[in-house]
Every structure is written in structure tokens, then in C-alpha cells.
Amino acid sequence: MTAETEKKGASRRAFLKGAVAAGGAVAGAGMARAAEPDPLITEVQEWASGLGEGVDATPYGMPIRFEDDVIRRNVEWLTADTISSINFTPIHALDGTITPQGCAFERHHSGAIELKKEDYRLMINGLVDKPMIFTYADLERFPRENHVYFCECAANTGMEWAGAQLNGAQFTHGMIHNMEYSGVSLRTLLTEAGMETTGDLSDKWVYVEGADASSNGRSIPMDKALDDVLVAFKANGEALRKEHGYPVRLVVPGWEGNMWVKWLRRIEVMDGPVESREETSKYTDTLADGTSRKWTWVMDAKSVVTSPSPQSPITHGAGPLVITGLAWSGHGKITRVDVSTDGGMNWQQARLATEGQNKALTRFYLEIDWDGSEMLLQSRAHDETGYVQPTKDALREVRGENSIYHNNCIQTWWVKENGEAENVEVS
Amino acid sequence: MSKSLKLYSVLGVASAALMVGAYNFADRFVAPMPQDAPRMAADSASPDMMFIAAARAQEAADAKRLGLGREALPEEIAAWNVDVRPDGSGLPEGSGSVMDGEELFVDYCAVCHGDFAEGVDNWPKLAGGDGTLADRDPVKTVGSYWPYLSTVWDYVHRSMPFGGAQTLSADETYAIVAYILYSNYLVDEDFVLSKDNFLEVEMPNADGFIVDDRPETEYGRFSEEACMENCKDSVEITMHATVLDVTPDEGAEAEAGAAMEEANADTAADEKIEAVAEAAEPAAESAAASEAPAESEPAAEGDALDMALVEEGESVFRQCKACHQVGEGATNRVGPQLNGIVGHPKAAVDGFRYSKTLESMGEAGEVWSEENLAAFLADPRGYVKGTKMSFKGLRKDEDIAAVIEYLKSFSQ
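Protein chains in written order, with this note's numbering: chain A, -16 to 410; chain B, 159 to 570.
Since the hints were made in silico from the structure, they are not lab data.
For every residue, glycine included, the Cβ atom is placed at its ideal position computed from N, Cα and C.
Do not rely on the hints blindly, as some may be mistaken.
Here are the computed lysine-lysine pairs in the DSS-like style, where the Cα-Cα straight-line distance is at most 30 Å [claimed, not checked]:
hint, chain 1, residue 1, chain 2, residue 2
1, B, Lys550, A, Lys225
2, A, Lys100, A, Lys217
3, A, Lys99, B, Lys550
Computed far set for chain A versus chain B, every beta-carbon distance over 12 Å [to be verified]:
hint, residue
4, Ala31
5, Gly109
6, Ala222
7, Arg224
8, Glu350
From just these sequences and the hints, can you work out the full model?
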């Protein structure tokens, strides 16, 4: 913790407090007229008179400094070391659905490596007609596809199983990002290696493996591999970031983030799963009786109100309020999101900003006239299969509290009269 | 799912049908591609059009294989295709004893996993936890949780030791795995693990897993009509996150972290994510004061550092970063923090447990000079027999010089 961030933190908290107080006062004064003219309008401001920065000041731009608290954050006590750890997307401060790469959560098992395109090799081996090696340049010559998909870590919201714990949507739900990927379908590459000699595909698997020291590897059944899995090299129009697997990562739509192997180096067609560390000792969900579910790949429908939320309190007092959040489903499209302001007693349908997209984030809004009294805010997603996001109690009834992974429960924020919000559990 | 099944049958038939398959394929799965054209043509009944359509479909079939890439060589496949499966396929010849494994484990693994595989700090415990899986706080180890021994061998061989992956020989891996089994009381101390007896080892939790049953146990009950009005009689807040106060909020980060670390010292990485509500007691907060980070300032200019070399060294140091920190706030991780290490007595960084050899060097009053640091970095195991540093060493002299110059730029 540097002195600088400490200062920043303090000032941010002070800002929130100040803003809440000021907002209250404004609301009290009612809508109407200003007591005196606003000097920001009546006086010529420095930026309206002097000159700004020239075009090449930042050849690759970063967000303006006023937004420097909109960053990924880590929960230090979760892991032994940042080399094998995770951080969280600041979803409380974002809008729309696309996550900028620079603040999209990271999860590494042995650190983010630097792998040049020139040094990149992709091997396809195993039960294919001909084992193949592709360079990065080779990959660029295959027909390309573009798709927007969310990537959610199976452990997102995993800290909340036994109770409300982390105070902020970033920390409870920030192991997620949503990007537009460009790449080649895995089906295309497998076809290039040939599967005429593979035999019956219905009982075959692909094993996918990364080039970093953790050598993260996962087994994926062939029907998924041939369905919509993408070998991606661009995200949101530009090269993948180092921390997301530059130059090439796997995109496994709707399935847990651990399978989205970064620095993808090998794809092996097999007649069974490898049962690697990440699909046995980790990413398996222990039930109350001590048995554990394995191969829990799909991320079920889920949603969260991103604002207001603990890190994004109401600062304007009573009156028009925009409640907004994100919804997604690994089974397909979001068809509907309901919002409750009274802890799930009554619900109303929120407005989807755009029609739900397949396995991608959907933004929802509910505009209300807030009367300034406290609220217990919840959201509830519905997907195209008819699945309705369950309460935490309903999930615990089936699974107990030790699943770690796949917690897609309804989240509750207690919004107080002063606009501050807190992560709570309700009856 | 049904789409995929169709695809299988398409791929499964002989080459005569392949072109049909190809355009089905293009039609169904690659909408934006130009192969859409033959589909439209094929819809027309004219024989000529059918012929053209067939020709185009043949093109599409040819287009399926673009002839990109090259065939992988057997040596290349052998180098990368090293995964080991539950039936033992992929295991190389070799063997290793518990006794040898213990020595290797202390050298390579104990710094994180503890001498007895009991886990240090937040690093994974590999032993113990027997019979705890249904408890409130299950302890998941190789002995209590892992269903397959192949996974242990595969992971140790490919991904460990941390910061020195893929450096263990097959025999060393057999030995370390044997020791992990021994530390879980699954084999005797004279046990030797080999390719031949590998499948005879019984893993206690082998039958502890079921395939994802959410479609049967959850999807029905979570697909009922959603209640919209008067869904419950009353709503009470039953728990507040702020009671725990473990949310990192800038300044508070270190404090909460220390408190939680205290409360959860023995669970690892992903399992840490497990809810820890019950473990956090207000009392833990007082244990928060973390050790003051080592002071560090750039050395005075008078030291005449070669800044270009320092910069090079910074990039070489990336290889060290997995285990060592240096600079402001550096603390001991897998390896000791390195502020002021050049000219520092050996084995003398506070709070770090060194190998016996290095410790005795320190007791003998030895100091890290540029010369002996260079020798150490060139061949860590040659210079300090039994060092815990699993790094294989820097090959190039100029990298060694650069990294030493970089380290010199951090005084204590």
C-alpha cells in the first residue's frame, strides 16, 4: 500500500461522504432555483480559455485521471500470493455491457507471462488424422468469427456462501468480464487436422493446455468443442492483453472461466478426460454430505444490481433514481430481469437495454422515483430455458455451504436513507 | 446439442457425402462466410443449378482444409504431450522412493507446502483432512480429496515446483509423489512408487465425486413461475457484511487481510474463496498489525550505478519475481525479500527459513558479494548444495551482471 493510494482512498471516502451530505441538502432544497449563479458557468474557466493536450500526448490512451479509482482490485487475504491469484472487475462503476480489457479481472496460476506472437506455437495432436503445428500467422489465415461472450470465474460470488461477506459488487460479482472476441472456431482447426479417423465423436474429448508454467489444462467434451468454442486472438478489437492470454486464448462460451485457457498451446483429441488438477482437486463443488460434483461447467443464470451498491451509493437524495445492473446466462439469452426494492417481497420487471444476447452480459435498468426510505435491492434473472435465478437459501438447500463454486444466488443490497449501501442477507 | 449431434453424423459419413456435410457445416455454423452462396443455389430445382451447387459444395469441402500449418514432428509431440491420465497412460518409465522423496520435498516443495506437506501460510496443504469433507470447514488435500493419483503425478511433473516448473525428472516426480502419499499415511516409509505399481495405490476419495447433476436436482425446481407480489410475509436482515469488515477498501486493505489470514491460514488459493464468515471474529482484527515492510530507497547516486544495466537487470529479474520481491514494501514470499542483498550477510533476511547449507554459510560470517552472488546465480544448486531455490540458474553472464546491478539499486 503506497502513500499515494492511501491518500486516494481517503479522498474517495471523503468524497462519498461529502457527496451524500450535499445530495441530501440539494434534495431538501427541492428542484428549482439556484440561490446564486454558478461560477462554473458565469466565470470563464481555464479549460475554456487555454489549450489542451496535443494529439500525440498519449499514443495509447488511458482513462482520464479523474477515473483512476475505476480499477481492478484484489482481495489480498484470498490467496497466498498475487502470482497465483485473482482480482475483480470494477463492475460497480461501468455501464453498458462491454468490459474494457484494462479493467477486466485477471486470474493467473503462475503469473501473466510474456509470449511473443513470433514465439507462439499451437499444437493439435491425439486422435486426429494428422498432428499439426500452427503459428500465429497461420491462425490469422483461417476464416474468422466475431462474438461477444461473458467470461465468469466459477468462484465468482464464492465468498458469499456462508453469509454476506464482501461489501461491494466488484468483490462479490467482479470475477466477470464481457468482450467481443475475434478468432477462429475450434471446429475449423480440428477440421484442418482432420477427424475422419477419430471415430465416433460422441465419446471424444479435447484436452486444452496453456503455455505458462502452471500448464493449466482442462478436458472439454467434443460436442462443446465443435459447438461454439473459439480460439481467439483479439478482444474488443485489439490484441488480447498479456493478462488475458496474449497472443491466443480459448473462449468457451457460457462455461466457467478456468476452461478459457490462456496462452493456449496444445489441443489434444482424446477418448476420455485427463482429470487434471483443475478439474478434480479444484473446480469441483462439494455438497453438504461431502460428495462433490465434477464437470460443473455451465454458469447458470445470474444477475446483480451494480448501482446503487456499496461502492456506488446514491449521492443525490430522493427523487429520480436509476437502478441498473447486469444479467447473464451460460445457457443462452437473458429474457427478463426482475428487480425488488423490498428484499424480494414484491418484484417489478426491469427494462433490458438491448435484447438479451447469447451467453453475453445484458444490461438492465429500472428507473424509479425514490422516496428516500431504505430499500433492500435485489435482481432476479430469467433465461431462455425458463430458469429463474434462485435465492441463496434455495441454493444452500440443495448444495450446503461448501460448494465454493457456482454461486449464482440473488444478491441483496441494503440501501439506507442516506444513500449508502451494504451487502446483507435477508430472510 | 442437437446441432452438434447432426454434425457428428455428418462428419462420420464417407467422403461421398462430405461435400454435403461441408455446406451443411458452413450453413449452420459459419453464417457470415461466403459459402452461403451454394446453399441458395441448391434451393433451386434446375439440374444445372444443382451441378453448380455440387461443384461449389465441393469447393467448400476443399476449403475445409486450407492446408495451413505443418505436421507436428514426433519429438515435438513428445515434448509437449506429457499429460498423464487416470489409467496411467502417459506415465514414463521410472520410480522413486518415499525416502528420496522426502529429501526432494524438503528441497523443492517445503518452502510453500511445509516439511510434512502441511502447508505454509496460505499455500496448499497436501496432507491431512481425512474425513473432513462433510464438515463445516472441509480440508481438501491429496489424501482427503484428490480422486486420482495420476493427477498428482501430472501436476507435480508439469507445473511444480512453483517458479521452476518442468524441471523435475520422472524419477524425482515418482519420489515426490511417493512422499506425498506417505505424508497422507497412504503408504509405508519403505514404499517405492513406479510405473508398474502406480495403479495399485488406492485414493481414499476416489468414489467421492458425481457428475454434474444440476439438470436433475436444480433446473426443475429453479424454473418455476416467479412470484411477483406478496412473495413473503416479512423480510428481515439476517446478516451484514460490515460486521466482518473484510472488504479491502484502500487503506483498510492490509488490516483486513492480516485478520483474515490469521483466521484462515491453512486453506489454499481457490478454497480461500470459500466463505469464511464464521472464522472471522472481531478479536482477529487486533491481530491485524502486519510487519512493517522493509524500508527501501534507491541507492545514492554516488554509488555510480550503471543505469542502463539496472534497466536490463529489471527485465531479467522478471524470472525471479515469482518468488522474490525487491523494492519498497518488499516482503518474504517463496524466497526472501532482496533489498540490500549485495553486501548483506548470507541467510540473514529476517523471518526467512533458509536451507541448512545457506544457514551454515551465514553462521560462518559469509557475505553476499557480487562475485559469489554471480556464482550462485549461475548454478544455484552447485553453489549452495540443498538450496531451497528451485531456479535452474541464469545462463548468460551478462544477465547475471545485469540482475546484480539491479539488486544493487535497492539498498536496505
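Here is what the structure says about each hint:
1. Lys550(B) to Lys225(A): 25 Å, holds
2. Lys100(A) to Lys217(A): Cα-Cα ~12 Å, so holds.
3. Lys99(A) to Lys550(B): Given that 30 Å is the threshold and the Cα spacing comes to 23 Å, the pair holds.
4. Ala31: Consistent with the label, alanine 31(A) stays out of reach of chain B, its closest Cβ about 33 Å off (over 12 Å).
5. Gly109: The claim breaks: glycine 109(A) does not keep its Cβ more than 12 Å from every Cβ of chain B (closest is about 8 Å).
6. Ala222: The assertion about alanine 222(A) holds, with a minimum of 20 Å to chain B.
7. Arg224: 17 Å, holds
8. Glu350: 18 Å, holds
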